[in-house]
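These protein sequences, in sequence, are chains A and B.
So for the first sequence, the numbering used here puts the first residue at 1; every next one is plus one.
So for the second sequence, the numbering used here puts the first residue at 1; every next one is plus one.
These aren't lab readings, by the way, just hints derived from the structure by calculation.
The C-beta atom is built at its ideal place from N, Cα and C for all residues, glycine as well.
Check each hint, because a few of them may be wrong.
Simulated pairs of lysine-lysine, DSS-like, Cα-Cα distance not exceeding 27 Å [unchecked claim]:
#1 B:Lys290 x A:Lys95
#2 A:Lys160 x B:Lys290
#3 A:Lys165 x A:Lys28
#4 A:Lys179 x A:Lys95
#5 A:Lys110 x A:Lys95
#6 A:Lys179 x A:Lys199
Facing chain A, from chain B, some residues (calculated, C-beta under 7 Å) [said to hold, decoys possible]:
#7 Asp121
#8 Thr167
#9 Gly170
#10 Leu171
#11 Ala175
#12 Asn179
#13 Gly187
#14 Ile188
#15 Asn189
#16 Val271
#17 Leu275
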Amino acid sequence: MNALELADVSVRINQAQILHGVSFTAPKNQVTALLGRNGVGKSSTLKAIMSLYSPTGSIKLNGTELIGTPTHAIAASGVAYVPEDREIFATLSVKENLSLASRSKISSEKMSRVFEIFPDLSTRQEQRAGTLSGGQQQMLSLSRALLNDNQILLVDEPTKGLAPKLVTEVADALAEVAKRETMILVEQNLALVKRIAQKIVVMDQGKIIFEGAPEKLSDSVWVQSVLGVSNRGKHS
Amino acid sequence: MSTFLLMTITGIGLGALYFLVASGLTLIYGLMGVLNFAHGAFLSIGAFVGLWFATSIMKEATIPNFILAMIVGGLAAGFFALLMEQLLITRLYDRHIDQVLVTVGVALVVGAVLGGWFGNDLRLFPTPLWFLTGINFFGAIIPADRIIYIATAVGLLIGNWALLRFTRIGLIIRAGVENRNMVNALGINVRRAFSTVFFLGGFAAGIGGVLVSVYSSGVSPLIAGTYLIYGFVVVVIGGMGSVTGSFVAAMLIGVIKQFANYYVTGLGDFVIALLLAGVLLVRPQGLFGKRIS
Ligand SMILES: Nc1ncnc2c1ncn2[C@@H]1O[C@H](COP(=O)(O)OP(=O)(O)OP(=O)(O)O)[C@@H](O)[C@H]1O
Ligand SMILES: [Mg+2]
Numbered sequence: 001m002n003a004l005e006l007a008d009v010s011v012r013i014n015q016a017q018i019l020h021g022v023s024f025t026a027p028k029n030q031v032t033a034l035l036g037r038n039g040v041g042k043s044s045t046l047k048a049i050m051s052l053y054s055p056t057g058s059i060k061l062n063g064t065e066l067i068g069t070p071t072h073a074i075a076a077s078g079v080a081y082v083p084e085d086r087e088i089f090a091t092l093s094v095k096e097n098l099s100l101a102s103r104s105k106i107s108s109e110k111m112s113r114v115f116e117i118f119p120d121l122s123t124r125q126e127q128r129a130g131t132l133s134g135g136q137q138q139m140l141s142l143s144r145a146l147l148n149d150n151q152i153l154l155v156d157e158p159t160k161g162l163a164p165k166l167v168t169e170v171a172d173a174l175a176e177v178a179k180r181e182t183m184i185l186v187e188q189n190l191a192l193v194k195r196i197a198q199k200i201v202v203m204d205q206g207k208i209i210f211e212g213a214p215e216k217l218s219d220s221v222w223v224q225s226v227l228g229v230s231n232r233g234k235h236s
Numbered sequence: 001m002s003t004f005l006l007m008t009i010t011g012i013g014l015g016a017l018y019f020l021v022a023s024g025l026t027l028i029y030g031l032m033g034v035l036n037f038a039h040g041a042f043l044s045i046g047a048f049v050g051l052w053f054a055t056s057i058m059k060e061a062t063i064p065n066f067i068l069a070m071i072v073g074g075l076a077a078g079f080f081a082l083l084m085e086q087l088l089i090t091r092l093y094d095r096h097i098d099q100v101l102v103t104v105g106v107a108l109v110v111g112a113v114l115g116g117w118f119g120n121d122l123r124l125f126p127t128p129l130w131f132l133t134g135i136n137f138f139g140a141i142i143p144a145d146r147i148i149y150i151a152t153a154v155g156l157l158i159g160n161w162a163l164l165r166f167t168r169i170g171l172i173i174r175a176g177v178e179n180r181n182m183v184n185a186l187g188i189n190v191r192r193a194f195s196t197v198f199f200l201g202g203f204a205a206g207i208g209g210v211l212v213s214v215y216s217s218g219v220s221p222l223i224a225g226t227y228l229i230y231g232f233v234v235v236v237i238g239g240m241g242s243v244t245g246s247f248v249a250a251m252l253i254g255v256i257k258q259f260a261n262y263y264v265t266g267l268g269d270f271v272i273a274l275l276l277a278g279v280l281l282v283r284p285q286g287l288f289g290k291r292i293s
């Protein structure tokens, strides 16, 4: 069963063609990692799914077409978006960020689940989100997504710019989340991808060039050629 | 000392009128990026509907009747603002230039219709006698109407603050001023917040319209223009999107203008223009505005 199916998705912004007919599927209850060099269109693919860009083609969530649906309706139908630059509300408190994100009244059960994964946040509920550290902001952005019952999570480079210790912390949290959620994960940290993804999709220049099993990441010659990085290290 | 007090309090009273116009302007701009040139029209509609209510429905100019007329004027302007938003602005979602042109058009049409109907001469607003009395405040004799302006502005500021701070729609508005797309991406239709803000902005401007009518000793479609300009000046100095910033800037401008005009008649506008230029040079995002990166 696929949670999300993209078929021939294209995005043009002004004169630039950013996505050239992207097609891939994200199976239910699995983590699909979306990989590729910088600027190939990974974030744009997630934005197209959220209707933040206006794509052509077809994007189906459990069989229902999303193209043409406004962003808020897509989110409300269970697509949670954790953007690349976190986009937490800096002037609101941690608590306000969470209560805004929660589509139903926040249950203490969901709240404690989130604070169990991110204990750092529970003691900082009154703090303005803009004064959180980068790692804490990432945790808040993830928490916003975890408060609701989702069909799928779209997570864009959650470990980007984090110190190694925080990368481990966020990676652990994602591994925990991956046990019960469907996810599309954009990530440059291949160790994390290997740890939690059941499927990988590789993009190049606005197209999909590979869709298959993560075991392929052990092929260092291939990894070097499609991602431009060695499969041992992380990108710069 | 009593002159100083008199100038300060009458200045704050004038600032209160500016704030009534600016509070809506700043939120509409902050949330939607719309420079609403129709805001002066909201003011005129509030003033004329208030005048109609005070003369045709209420016969006596008592304080309760006046307050009622103010609320009716405010509601009329609020609903007019909502109608404009629903019929015109939402169709031009995210087309900022077109939105601005539409608001300019609405302002011209409303001005022309009111002018054609009522003429551009001042029509006296039935004013409770108490407004014209003086109140002794530590030796300074303060015109009583200023107290009404200040109390109304403070009441609206508190109302605004409570709405923004304690309600869900307020939370959505605050978040939307920061990042509209992300509010949508959380599954919230941010347009509902737009409608609320338009209504509230219209309501405050309409109330301002009734009070301005008293301050200017009458109602005329021509008055709105001056207040709209001052409204924009307040918004820019206070910081786009910040209600608190507008309040502080409005008071500052009212007081400075009053003092300048006291020493040299007509100097007030010039000093405010200098202040605006100064703020734009030193702190372009305004006193309470977000820094633009
Ligand atoms: N709003 C936009 N306007 C113009 N060009 C854009 C826009 N958004 C993205 N692009 C371009 O589309 C291409 C793909 O961008 P995108 O952000 O999707 O890449 P990415 O794969 O996420 O890269 P990274 O790994 O650096 O985050 C880039 O060349 C980018 O410059
Ligand atoms: Mg990206």
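Results of checking the hints against the structure:
Restraint check for Lys290 (chain B) and Lys95 (chain A): satisfied, since their Cα atoms lie roughly 21 Å apart, inside the 27 Å limit. For the suggested pair Lys160 (chain A) and Lys290 (chain B), the alpha carbons sit about 26 Å apart, so the restraint of at most 27 Å is met. Between Lys165 (chain A) and Lys28 (chain A), the direct Cα distance comes to roughly 30 Å. Violation of the 27 Å bound is thereby established for this hinted pair. In summary, the hint linking Lys179 (chain A) to Lys95 (chain A) is supported, as the alpha carbons are separated by about 26 Å, within the 27 Å threshold.
Proposed proximity of Lys110 (chain A) and Lys95 (chain A) is supported: the alpha carbons are some 13 Å apart, at most 27 Å. Of the supplied pair hints, the one linking Lys179 (chain A) and Lys199 (chain A) holds, its CA atoms being roughly 15 Å apart against a limit of 27 Å. Hint status for Asp121 (chain B): violated, given a least beta-carbon distance of 47 Å to chain A, over 7 Å. Nearest Cβ of chain A to the Cβ of Thr167 (chain B): about 12 Å, over the 7 Å cut. The hint is violated.
With a least beta-carbon distance of about 10 Å to chain A, the hint placing Gly170 (chain B) at the interface is violated under the 7 Å criterion. Contact between Leu171 (chain B) and chain A, as hinted, is supported at the beta carbon level, the nearest pair being about 5 Å apart and thus within 7 Å. Given hint, Ala175 (chain B) at the interface with chain A, holds; its Cβ is 5 Å from that chain's nearest Cβ, closer than 7 Å. The restraint placing Asn179 (chain B) at the interface with chain A holds, with a minimum CB-CB distance near 6 Å, inside the 7 Å limit.
With 7 Å as the threshold, the beta carbon of Gly187 (chain B) comes within range of chain A, its nearest partner Cβ sitting at about 4 Å, so the hint holds. For the restraint placing Ile188 (chain B) at the interface with chain A, the shortest Cβ-Cβ distance is roughly 6 Å, inside the 7 Å limit, so the hint holds. For Asn189 (chain B), the shortest C-beta to C-beta distance to chain A is roughly 5 Å, which falls under 7 Å, so the interface hint holds. With a least beta-carbon distance of about 32 Å to chain A, the hint placing Val271 (chain B) at the interface is violated under the 7 Å criterion.
Restraint check, Leu275 (chain B) versus chain A: the minimum CB separation of about 26 Å is more than 7 Å; hint violated.
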